[in-house]
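Novice: Using the hints, position chain G against chain U.
Those protein sequence lines, which keep their order, are chains U and G.
According to numbering that gives the first Met the number 0, the first sequence is numbered sequentially starting from 0.
According to numbering that gives the first Met the number 0, the second sequence is numbered sequentially starting from 0.
Errors might be hidden in some of the hints.
One side of the interface only, derived from the structure: several residues of chain U facing chain G at Cβ under 10 Å [claimed, not checked]:
1) A40
2) F161
3) I164
4) R170
5) A214
Treat the hints as calculated values from the structure; they're not laboratory data.
Predicted model only: the values in this text are computed from it and were never measured.
We treat Cβ as the ideally placed atom computed from N, Cα and C, and that holds for glycine.
Protein chains: 2
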Amino acid sequence: MLKNDNLLRALLRQPTSYTPLWIMRQAGRYLPEYNATRARAGSFLDLCKNPDLATEVTLQPLARFPLDAAILFSDILTIPDAMGLGLYFAEGEGPKLERPLRDEWEVRNLTVPDPAEHLDYVLKAVRQIRRALDGSVPLIGFSGSPFTLACYMVEGGGSEDFRHIKGMLYRRPDLLHRILETTVEAVIRYLNAQIEAGAQAVMVFDTWGGTLTPAAYREFSLSYMTRIAAGLIRESEGRRVPSIAFTKGGGLWLEDMAEAGFDALGLDWTVDIADARERVGHKVALQGNMDPSVLFGDSSAIEREARRIIDGFGPHPGHVFNLGHGISRFTNPDHVACLVDAVHGAHR
Amino acid sequence: MLKNDNLLRALLRQPTSYTPLWIMRQAGRYLPEYNATRARAGSFLDLCKNPDLATEVTLQPLARFPLDAAILFSDILTIPDAMGLGLYFAEGEGPKLERPLRDEWEVRNLTVPDPAEHLDYVLKAVRQIRRALDGSVPLIGFSGSPFTLACYMVEGGGSEDFRHIKGMLYRRPDLLHRILETTVEAVIRYLNAQIEAGAQAVMVFDTWGGTLTPAAYREFSLSYMTRIAAGLIRESEGRRVPSIAFTKGGGLWLEDMAEAGFDALGLDWTVDIADARERVGHKVALQGNMDPSVLFGDSSAIEREARRIIDGFGPHPGHVFNLGHGISRFTNPDHVACLVDAVHGAHR
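Isolated chain U (complex conformation) (with noise of 0.2 Å):
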């Protein structure tokens, strides 16, 4: 039924023809299209909440470029949103949540959503993307990792510093792993639900996790994304659903990370990937990682360092070609084509 498998074959550690790749943010303010849509959607939240235009923007770059996978376009607070935090988005300032949790009391009360009640628009785009994609390659879910979630919902948006967490971290990590408790269940559920509803690979993505001490990271962190991996419905449709795990800046920990259970790492730009394929790529797939930057030079640059990576990682199946983190906004549509053929066009 799937026509281009190659994404979820090289997760999975399984011979391609070609390294497959898809892009961090593919669907976003990069693509005129997109900017179109999100104005007569309103906010972004109205877009992510949204299930024909969420549609709409996911198929978008699929439409331009010949990608090997779509990624569920949403936004990673849609958890503490349903959990009742308040999500809203301040006009060039990135998401808010309108009660950070702070109080005891607060991190009490905190219960795990169900996704068919407070989550229905996402596994409703889940399924009209999947409609949509008639399966011509296969459709991305995700979620952010706990730790990351629980960064937002106790700073209440970004944070330059994560005061907040950090400083519950190391005078209450009671109430830090209650939090975290309440998180990981809430996670499980919602990409279970995804892949129910036709999500056929799940990333969670750990944002945050890459700020904290290697012990800390390993306590707050890794342990919960560990019980997300065991938690994981592994097959659906007849096929495995394979699991990508990434931590932005978690090169150092990539050993501890290749144990948790996923079946690939994302890496950041900042890791050799020869080097982290020595050090993990027996045990796991790996995705990444060229710095988004690169996009910003010219082809030659673009298919310098497109090489340098696809040749780094070698010849052995188990590499997803993927930026480092999200694509920017100030990318030109053209030298995302450029990378897409030359990342295609690489003998491995």
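Specialist: Okay, now just chain G, sitting in the frame of chain U:
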């Protein structure tokens, strides 16, 4: 002459009876007396450019805590300012440069400032601080790394994505090298002028090198830091002047950094200091590496984390305790006292 030379000894991997410590940004906004002096000075820049007041704030943390070093109070952007790029501080926004380098002619016109002429206020502060310290503890001088200075010089201020400098790196690497060639000469002259004025150790802060790929880090940051190490005055007042290099987020590249010719490497908190010592501790001393957020915890958390780092480094000579980044303005000074006690009281 120097009553407490533990810092200098530890940086040269000579035995000390306890682990010496100082704290990045130890003269700063977490101290009420600092805020009072700054209010008297007018702006942050006025404070940096007034040798009397810079001396006053440099000494403030030493009056409170038995720290093992003073560090010159200054800003890393004094060099771009001396180059004529127009440093200013927008309220609540951090440092900005009025005339960022974007065009080729601007880069070609960049020249190396003479410290005696354009940075005399810094050298005056160094001499005054030395007199005021009266041999109690050594004085550390510092500079930003060429790449970090170039980030500000090209971006015109801080950045989330460094798209201007990275665009230059991937489109016109020759132009970026031209900036770095001029800047590295400026840094060497500046640090040597600080040493001649009385700095007894020097540190190079590479705040943004960690945003690069490993290959770009070696080419655009580390190679210039290596030139600094080679160009520094190594002895003054009959003693060796130890040098420290710190790349925030550089934990993956410690082996390369250890070859750059510095006596010590600074570590942020994402690397386990026991691993770091195993990887490079036979070549260089190590400085670090507590998460500044631990100081938001209670005394038992502070003592436990300090102990973990000291035990992790082990009983060998060559460890200077520090935070892994500048102390937060939201830190309670009593918690700093607790940290100093914990480090000085720990048996090695």
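Novice: Hints first: check each against the structure and report whether it holds.
Specialist: Do the hints match the structure? See the list:
Because the beta carbon of A40(U) sits about 25 Å from the nearest beta carbon in chain G, more than 10 Å, this interface hint is broken. The closest approach between the C-beta of F161(U) and any C-beta of chain G is roughly 7 Å, which is under the 10 Å cut-off, so the hint is satisfied. Taking 10 Å as the C-beta cut-off, the interface hint given for I164(U) holds, the closest approach to chain G being about 9 Å. Against a cut-off of 10 Å between C-beta atoms, the interface hint on R170(U) holds, since the closest Cβ of chain G lies about 5 Å away.
With a cut of 10 Å, the hint placing A214(U) at the interface with chain G holds, because the nearest CB-to-CB distance is about 7 Å.
The structure fails hint 1 only (numbered hints given earlier).
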